[in-house]
Amino acid sequence: MRAEPRAADDGRRGEPARARGRALLDALRWAEPGGVVVVAVLAWEITSRAGLLPRRDFPPATRILSAFLTDIRQRELWTGVGASMRAWVLGMLVIIAIGVPVGMLLGSSSVSYKLTYLTLEFIRTLPGIAALPILMFAYGVGQPLVISLVVLAGIWPLLIQSMYGMHDIDPVAVATAKVYGVGRVRRFALVDLPSCAPYIATGLRVSGTFALIFAIGASLVVGGQGLGDAMAEAARVGDRSLLFARVLACGLLGLGVALTLLALERRALRWHASQREAAR
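The numbering of the sequence shown is UniProt numbering, which starts it at 1 and goes up by one.
By construction, these hints were calculated from the structure, which means they are not laboratory data.
Just so it is clear, the structure is predicted and the values come from calculations on it, not from any experiment.
Any given hint might turn out to be false.
[Unchecked claim] Here are the computed distance ranges between Cβ atoms for each label pair: (1) 170 to 114: 17 to 23 Å; (2) 260 to 101: 19 to 25 Å; (3) 70 to 236: 15 to 21 Å; (4) 129 to 270: 33 to 39 Å; (5) 72 to 236: 18 to 24 Å; (6) 115 to 40: 45 to 51 Å; (7) 174 to 117: 18 to 24 Å; (8) 141 to 114: 39 to 45 Å; (9) 141 to 53: 34 to 40 Å; (10) 34 to 178: 48 to 54 Å; (11) 178 to 115: 22 to 28 Å; (12) 171 to 236: 57 to 63 Å; (13) 111 to 181: 24 to 30 Å.
Glycine included, each C-beta is placed from N, C-alpha and C at the ideal position.
Start from the sequences, fold in the hints, and give me the full structure.
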């Protein structure tokens, strides 16, 4: 009779140890890529100062870091970050509004799926920048052009993943819902959407990455106030340290966006088997 409370107490006492174990595993996962970054930075510093790399074009890593720490206190960098993120957010809203419903609609029918999936896969491989001349004629040079490039580059992964998710729904689950008289709207909420959610989350993460690349790269090509234009300005004045510092800012921004999307995916899909297995 008393064994059950002791077992429960042992389980509660074991929770802190398991939490510490998970924290240690997380730290070890970050240690390896972190070590690679440290080694790469040291190699850059040594080769630049030793003259193995031309110092004018490849300044030492410490000088780049110093320029970065100075630049983050300047308004110009944050203006570029704000403009690029604004284009990214607006583009992602359009991507989600179009990509998810259109993809699910195409995947809901085997006929439309077979007719469109090869065409969509082909279109996805085309470089979005190839549409730049057409979009410049349509929108001119400015924020609408940047947002259009963001949408054009980022919509395909989300649309195609949404289509695949809808196409791969278990027919047994659909048949069971029909047998029990579940209506279309309720079936969409209880069967279709949960089944598609992992596909949509993956597509959203990939689309977000492509969209950010084009949000930054578009301002590098067409100008404006984005991070790309800030890098172009550093190149125009010949300040290589500042140029690499702003490249570093782009990398950190991309890392932050990727980690944020991954965290949102894990939180939104914590009920899904794939996330439960990853958490073990």
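Results for each hint:
1. A hinted range of 17 to 23 Å for the beta carbons of residue 170 and residue 114 is consistent with their spacing of about 19 Å.
2. Separated by about 24 Å at the C-beta atoms, residue 260 and residue 101 satisfy the suggested range of 19 to 25 Å.
3. Between residue 70 and residue 236 the beta carbon distance is about 18 Å. The supplied range of 15 to 21 Å therefore holds.
4. In this structure, residue 129 and residue 270 meet the distance hint of 33 to 39 Å, their C-beta atoms being roughly 37 Å apart.
5. For the hinted restraint 18 to 24 Å between residue 72 and residue 236, the CB-CB distance of approximately 21 Å keeps it satisfied.
6. Between residue 115 and residue 40 the beta carbon distance is about 47 Å. The supplied range of 45 to 51 Å therefore holds.
7. The supplied range of 18 to 24 Å is met by residue 174 and residue 117, whose beta-carbon atoms lie about 20 Å from each other.
8. Our hint of 39 to 45 Å for residue 141 and residue 114 holds, since their Cβ atoms are close to 41 Å apart.
9. At about 36 Å, the CB distance of residue 141 to residue 53 agrees with the hint of 34 to 40 Å.
10. The given range of 48 to 54 Å is respected by residue 34 and residue 178, whose C-beta atoms sit roughly 52 Å from each other.
11. At about 25 Å, the beta-carbon gap between residue 178 and residue 115 stays in the expected band of 22 to 28 Å.
12. At about 59 Å, the beta-carbon gap between residue 171 and residue 236 stays in the expected band of 57 to 63 Å.
13. The supplied range of 24 to 30 Å is met by residue 111 and residue 181, whose beta-carbon atoms lie about 26 Å from each other.
In this structure, none of the earlier numbered hints is contradicted; all agree with it.
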